[in-house]
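Model the full assembly from the supplied sequences, consistent with the hints where possible.
Chains as they are written, first to last, in this note's numbering: chain F, 1 to 284; chain W, 1 to 252; chain P, 1 to 357; chain U, 1 to 433.
In short, the hints are calculated from the structure, not lab data. This one's a predicted model, so the numbers in the text were calculated from it and none came from an experiment. Quick reminder that beta carbons are idealized off the backbone N, C-alpha and C, glycines included. Be aware that a few hints might be false.
[As the list claims (entries may be wrong)] Once the Cα atoms are required to be at most 27 Å apart in a straight line, the calculated DSS-like pairs of lysine-lysine come out as: (1) W:133 / W:153; (2) W:30 / P:90; (3) W:153 / W:171; (4) P:51 / U:95; (5) U:394 / U:95; (6) W:171 / P:72; (7) W:180 / P:72; (8) U:340 / W:226.
[Stated by the list, open to error] To give an idea of the interface, some chain F residues facing chain W are shown, with a C-beta separation under 7 Å as derived from the structure: (9) 82; (10) 85; (11) 90; (12) 93.
[Stated by the list, open to error] Label-pair restraints from in silico Cβ distances: (13) W:224 / P:86: 54 to 60 Å; (14) P:61 / W:249: 17 to 23 Å; (15) W:249 / F:218: 20 to 26 Å; (16) U:250 / W:224: 43 to 49 Å; (17) P:321 / F:235: 51 to 57 Å.
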Amino acid sequence: MNNPISNSRCPLTPSRGVIRSIIPMASDNTLFQITVEEDGLNNCMPGQFVQLWVPGVGESPISVCSGHVGATIELTVRKVGRVTSALFQMNEGDWVGLRGPYGNGFPVEQYKGKDLCLIAGGLGVAPIRSLWQYVLDHRENFGKITLIYGMRHSIDLLFRSEFKMLLRRRDMDVFIAAEELCGPALPPISVQLGRVTDMIKAASLSPCVEVAVCGPPVMYKYVINELKAKDIAESQIWLSLERHMKCGIGKCGHCFIGGAFACKAGPVFNLPQLRLLPEAVECA
Amino acid sequence: METNPRPCIAVEGLTGCAGELLVILENLDKLLPFVRVASFPFAQSQNDDGPVDIAFVEGSVSQPHDLEKLKRIRAKARWLVAVGNCAVWGCVQGGACAKCKVTEMLEAVYGQHSEIQALESKPLDAYVNVDVKLSGCPIDKTQFLSVTASLLKDHLPYITHKPVCLECKLKENPCVLIEKNLPCLGPVTAAGCGALCPSLGAACYGCWGPSQDPQMDAMATILSEKGYEALEIMNRLKTFGAPAHLFERMNV
Amino acid sequence: MVVFAPYGSTLKMSRTFLLPKSRFCEFFSYLKGLGKFFAPVRVSEQSFSFKEIENEGEIAWDALRTILPPKKFFYPQRETVLKYDGNEVKATVPEDNFQIIFGVHPCDLAGLGIMDTIFEAAPSDTHYTKRREQSLVIGLSCMPDKFCFCQSMGTSCPTKGYDLFLTDLRDAFFGQVDTARAEQVLAGCDHLFSPVSENDKDSYKEFWIERDKAFTNGFEPDNLRSTLDMEWDNPLWDELGKRCLSCGNCTPVCPTCYCFDLVDIANLNGQSGERQREWDSCQFVGFAQVAGDYNFRPTPVDRLKFWYRHKLHGFDDPYGFKTCVGCGRCTVSCPSGIDDIVDVVKRLQGNNEQSNK
Amino acid sequence: MSDVEKKIIQIPEITRVEGHAAVEIDIEDGNVKDVRLDVFEGTRFFERIVLGHKYDELAHITSRVCAICSTGHVLAAIFAVERIFSFTPTPIETKLRELMHLGMIIESHATHVCALALPDFLKTPDLASFAGQHKEKFLLWTHLRNLGAEIQTAVGGRPFHPVNLHVSGLSKIPSTASLEGVKADLKRSLDEAILLAELVLSFAPPVERLTEPYFLALIPHDDKYGYFGETIQSSEGWQRSCQEYKEYLDEQVVEYSHAKRSLVKGKPVMVGAMARLALFGKRLTREALNVYQETPLFKGDSNSIWNNAAQAIEIIQAIERAIEIVDEVEALKKEQSAEKKPLEIVAGSATGAVECPRGTLYHYYEIDENGVIRAADMITPSAQNTARIELDIKEVVSQSKEKEMLGPHLETLVRAYDPCNTCATHMVAINWK
Ligand SMILES: Cc1cc2nc3c(=O)[nH]c(=O)nc-3n(C[C@H](O)[C@H](O)[C@H](O)COP(=O)(O)OP(=O)(O)OC[C@H]3O[C@@H](n4cnc5c(N)ncnc54)[C@H](O)[C@@H]3O)c2cc1C
Ligand code: SF4
Ligand code: SF4
Ligand code: SF4
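Listed below in structure tokens is the structure:
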């Protein structure tokens, strides 16, 4: 009610969010649970992102990694630079600025009634998590679900306890792969040695599955090749793109690719859409 | 009133023109309410050598004495901030060292058996880990204050590495490289000064040091098409300490 | 302050009038009384700039392209978008300031139209629209020089972006009123105008026919998009990219380049500060760099190609138009001479005739 | 082992001076044997740095010798080059260069007098106590140095390392509005400058000087007090053109220091504000002269510590003269100016000299027919003063009873010379033929 941020009509002015809890995860990643004050932010859809503002430092686009709609959103953040480091210095109870939700998110309506394959590489697991949480909340609407998650070192596995639960579920297949096994083994999570692409090979995917992918840019080419080898149509392959983004509302131009703003028309595109955007992704 | 002790700063000079010390001294009235000046030999007699939160270091390492001092400062500072072109790039003395040997110059001045020692002038990061590099010759006061504001909060400061041309165009200056064929180095020089020289109708001579990923080869091509000779172009490009690796792509 | 009709409310039927040049002085003083008056003035041997003027003698009537286009009046080079102090965050609101932008040529009017589309798209940019709200844009006819190619881009006729357009008929200006706002403003100086005679109409038409013929620069626009797609790997790009300084001069000068950066500036007290936005350029190496040091456009070639495509292929989605209006600013502002759009397009089209510049 | 009592007084680093210097004094049996002013600022070889560069780069490069007197270095270099090219800038440009120089004098003197020298007398060893306990004096400094910075910014583009001064003139003549702004601030500051001078004069020197100094200064153009000239005047009565500086100044290298030092006919000399006042004090502007006439300096007391007061007086003069210059420039702007003669590059060599805050600065260059620098030499004021500082110290220590207690006073003494060690350590010997 008493929102100290006045004049919120300006789309570049954030609303406030209060950090409720800070949960360190593997290596430089931390989960922030933030209570939001603005209505729009309560309704984030899977794959959407927010602009998170640390006053005096700057803003960063961060995917909402929780699929449950509500007054608390979850963000997984990796410490890489100015804004993210400053965020890591904050405490529970501190406030940050939030704008959003932005982006189209995954086309969940279109996924309804279909098999789904979710593929995450590294920190790409954040938006994918919002998708699996959403899908599991509405489990009856979807067919077979396969979740593939790959990382460089097994020690970087994020959402460990959640994966423990997921692995136990009978209504989905979960593959976790690391290129290198290191750090303490964590039974009962079985991390296999290999790449995301190896897991795709191993998974049984029907050609009519809808695939949602998020990971580092270099990963996409290989994943696409592997999926196409399984006769999955390009229109069923959905990629979430990471781009430099300043505004999130299709004005600052940083995320512009080909003929579209990744923040508005994307960040989720399927392959035929991407083919119209030269240099969007190296897709063989 | 005060709960936390104020952050401590040190302001130290190695070999340079004292320009940054002067800029900092002249802006000290703005800083004093927020910091304790533990050490600033240029400006005060009572200096302590204890640990500091931020050490601003001016000048390049040009003699063993500088190096010892730098190592001492590194050991006591949480944030080591290289201020000024000398500390960040090596400035004119660094540019000169690229051309001739220090030992020869030394001998020429002080004779063969002099006790005086000199090192090839190098920026701080040739010897120690530098946390923040704020270039400028001298540093810009607004940039300095905003960098300090960030550091006082323990935030990594924002320092632009875009070229001077951006600031120049934002000021809507006629381009002196195009209109007067002056050897303007704005395209390869880091912004921060507010495009001072072109705003006065003069060529940027690169005092801020190189911008991020400067296109030295294209710059040289364009200047040579304007009639500047290769040697002169290289002299100009290297005057303010642009390091050799930036010229690797060049076929001049 | 007078309350003006909302901007953008175009008249159902445009109205015309004649302003004798002998009365321009009065016209100027009348407008100057309403707010700040900006017009092109000469700033160097070759360059002009829109600047606030005090008397009409300062207007550079021969100005074709100013260094920066008039977008700067609605979307300034650098502006504070919000301020914070402790717990409070406040969006800044542009000052109330009525401004008259005089002497905007058709290419720039088209450019403003494109900026409108971008900044007014939901969620609309309140800073931009507020300034647009407070302005009166007066267009002015021109004769092309060897760099103008608006004809090829389909922007040579003024269609939108102005409130009032003046065609220079030697002894008088032929005025066309397009918006309710202009109508309202002009009501106060109606006595300076005379009705348009048949003769005037003839001269008006003659002028525009003459102007159409005056273009010496341009290319065949029909296959522009397909040419670009087809020639995406043409070696010409490497040739140009090698000369590119990545200085970014081509973007601030472009009437349709809208990219910006947002930067926080903290105060020493650790409590307060502000957030500024500043024009940015896609030609800078960090523009498309993301975490992990992955850069989508690491080389000048990548960035130059990207820029050309955006200008000439334009928005596929969501707007579907090209974003070059043919003003020639980039051509004259590129220190390296690689932004000669006409020349590049012709070469891509396989037309290797020597350029006349 | 000898039974002579040996002692060394060391001041490992003199604080509050520009650059880095130390003093070491050997005392044997109560007698001062040796005094060494060791400048351990790193060497920067400016005479080598400029070689191979074009004449138009000189201003940018030489300004980096020293921030505080960058304008002086720039002007000395420009004067030398313009002499080689037989070029004269327009009268407006000449005036603006002088205005710029006065800006430097104000900024440099204010910073030296207030921030570096005064704390000794106010007994404030750190900045916080200076700013806290003597707020009005601290403000005096900030106001005056801001004024100097404002002038240099208006004319030169920034407070130091000017970007608007070039061989052949200025790239942009400052607007009337900015000059009038400067003038208004100058007028506002005159009283403060007088206040500062009176303040400095109220502190008695803590040490005494014994032998009379040997002063050198440029004879200013016209018959005004000023900083530009061609001919050197000595307190011994002789005059020489600055082109012949090598004949009267004898530069020496000493083993223990990075700075070279100059002697005149084997004698230490003193240059700077005190020298200028001693030789040309009668030419001061009105208010400055008023203050000067009431000082011990005027009566012939040549204690080096009074150099602080001399600088304060020069601030008053600079303010008064700067006001005049603004008016003169504005008057000249109204005149129809003649077409500027283009610069013609010719080979040759020449010396340019200016009076910097700390004394006479010489720049010598040889330029080839392409405008490339082939040889260079710089003689800085601090190099000229060093021998005199050592002599002063020797005298003071010899005379003193409690030698060990002298440390702080010696620092005060050295500081009064305002030695600029960044300047002093640029040197490279060039073998003349
Ligand atoms: C749609 C989207 C969703 C994202 N989701 C997440 C997430 O859930 N968790 C997470 O940790 N990270 C996420 N990122 C990446 C995150 O935005 C960047 O790591 C972050 O902006 C870096 O900011 P910084 O200030 O800490 O780094 P900086 O110090 O600014 O720079 C470090 C690196 O990050 C790049 N970078 C800086 N700003 C941006 C920006 N605005 N957009 C993209 N890259 C930038 C720089 O080019 C540089 O390479 C996402 C990015 C996008 C585009
Ligand atoms: S004048 Fe220099 S800095 Fe300005 S645009 Fe031209 S090249 Fe760039
Ligand atoms: S324009 Fe260039 S030379 Fe001039 S101040 Fe700026 S960076 Fe230095
Ligand atoms: S791309 Fe060039 S010619 Fe086209 S509108 Fe922009 S500046 Fe003008």
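Against the structure, the hints come out as follows:
1. With a CA separation close to 17 Å, the supplied pair residue 133 (chain W) and residue 153 (chain W) stays within the 27 Å bound.
2. Under the criterion of a C-alpha separation no larger than 27 Å, the hint pairing residue 30 (chain W) with residue 90 (chain P) is consistent with the structure, at around 25 Å.
3. Of the supplied pair hints, the one linking residue 153 (chain W) and residue 171 (chain W) is violated, its CA atoms being roughly 32 Å apart against a limit of 27 Å.
4. With a C-alpha separation of about 30 Å, the suggested pairing of residue 51 (chain P) with residue 95 (chain U) is violated against the 27 Å cut-off.
5. With a CA separation close to 43 Å, the supplied pair residue 394 (chain U) and residue 95 (chain U) exceeds the 27 Å bound.
6. Among the hinted pairs, residue 171 (chain W) with residue 72 (chain P) is consistent with the structure: their alpha-carbon atoms are about 11 Å apart, no more than 27 Å.
7. Simply put, residue 180 (chain W) and residue 72 (chain P) have alpha-carbon atoms about 25 Å apart, close enough for the 27 Å limit, and the pair holds.
8. With a C-alpha separation of about 24 Å, the suggested pair residue 340 (chain U) and residue 226 (chain W) falls inside the 27 Å cut-off, and the hint holds.
9. Hint status for residue 82 (chain F): holds, given a least beta-carbon distance of 4 Å to chain W, under 7 Å.
10. Here the hint on residue 85 (chain F) is kept, as its CB sits about 6 Å from the closest CB of chain W, short of 7 Å.
11. The interface hint given for residue 90 (chain F) is violated, since its Cβ lies 11 Å from the closest Cβ of chain W, which is over the 7 Å cut-off.
12. Using the Cβ-Cβ criterion of 7 Å, the hint placing residue 93 (chain F) at the interface with chain W is not satisfied: the shortest such distance is roughly 17 Å.
13. The supplied range of 54 to 60 Å is met by residue 224 (chain W) and residue 86 (chain P), whose beta-carbon atoms lie about 56 Å from each other.
14. Remark: the range hint 17 to 23 Å for residue 61 (chain P) to residue 249 (chain W) is contradicted by a beta-carbon distance near 47 Å.
15. Our hint of 20 to 26 Å for residue 249 (chain W) and residue 218 (chain F) holds, since their Cβ atoms are close to 25 Å apart.
16. Between residue 250 (chain U) and residue 224 (chain W), the C-beta spacing of about 45 Å keeps the proposed range 43 to 49 Å intact.
17. Take residue 321 (chain P) and residue 235 (chain F): their Cβ atoms lie about 27 Å apart, and the range 51 to 57 Å is violated.
Hint compliance for this structure: hints 3, 4, 5, 11, 12, 14 and 17 are broken, all remaining hints hold.
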